[in-house]
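Sequences are here, hints too, so could you generate the full structure?
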Amino acid sequence: MSVPALNLPASAGYDPARVLPGFEHLRRFWDPAQSCVTVKVLPGEFYVSMQNEMISTVLGSCVSACIYDPARGIGGMNHFMLPEPLNGERGGWADTVGRAARYGNDAMEQLINAILKAGGQRANLEVKVFGGGRVLATMTDIGKRNIDFVRRYLQAEHLPVRAEDLGDVHPRHVQFFPFTGKARVRQLSGRAETVLADGERLYLKRLANDPIKGEVELF
1215 MSVPALNLPA
1225 SAGYDPARVL
1235 PGFEHLRRFW
1245 DPAQSCVTVK
1255 VLPGEFYVSM
1265 QNEMISTVLG
1275 SCVSACIYDP
1285 ARGIGGMNHF
1295 MLPEPLNGER
1305 GGWADTVGRA
1315 ARYGNDAMEQ
1325 LINAILKAGG
1335 QRANLEVKVF
1345 GGGRVLATMT
1355 DIGKRNIDFV
1365 RRYLQAEHLP
1375 VRAEDLGDVH
1385 PRHVQFFPFT
1395 GKARVRQLSG
1405 RAETVLADGE
1415 RLYLKRLAND
1425 PIKGEVELF
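Under our numbering, the first residue of the sequence shown is numbered 1215, with each subsequent residue one higher.
Keep in mind the hints are simulated off the structure, nothing from the lab.
Listed below are the simulated DSSO-like cross-link pairs for lysine-lysine, each with C-alpha atoms no more than 30 Å apart in a straight line: (1) K1396 / K1358; (2) K1396 / K1331; (3) K1254 / K1358; (4) K1254 / K1331; (5) K1396 / K1254.
Here is the structure:
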């Protein structure tokens, strides 16, 4: 699969041939404010890059981990809605490529493995984590579960956290530059907050209707 052509300035310094295999399908666009190509990561996706581009996502109760090797300029971001399977259930849907869409532990493993495959060194990895807001007030506090999970996971894996912006009640717009490890976070409010909450409710309902039953506690 090839990367769709972008109308870029001559000075962009972006090479579509350097997009890592498996990530060609993600949406890309030129961000004139940051003067770089931006890759948008949606719930259940992750992305790894080894060139000067930006990864962007919007988080409500979801969490994103931005993991990078600052010595080699390789890094990436994931975006997950649920922390771990309940009752240790596996198999079926969860063993497909879409595992990252359901569980944080899969999203973390896939992101780290992709960074290492691209040439990153585990001893150099650093992490920044964002999200976990309580934006779905009538439901189980999924954001807190995600926060508790990602903190446990990073501690167990001995991965140093260089920055975090977790919890609260507002969604966030996160921009991450994997080549440098720089991250920018902006809280959202008003209509953007309402739209995001509605989207998360629909996403959770889709997961609850998955063939693996009983793993999503909505209310």
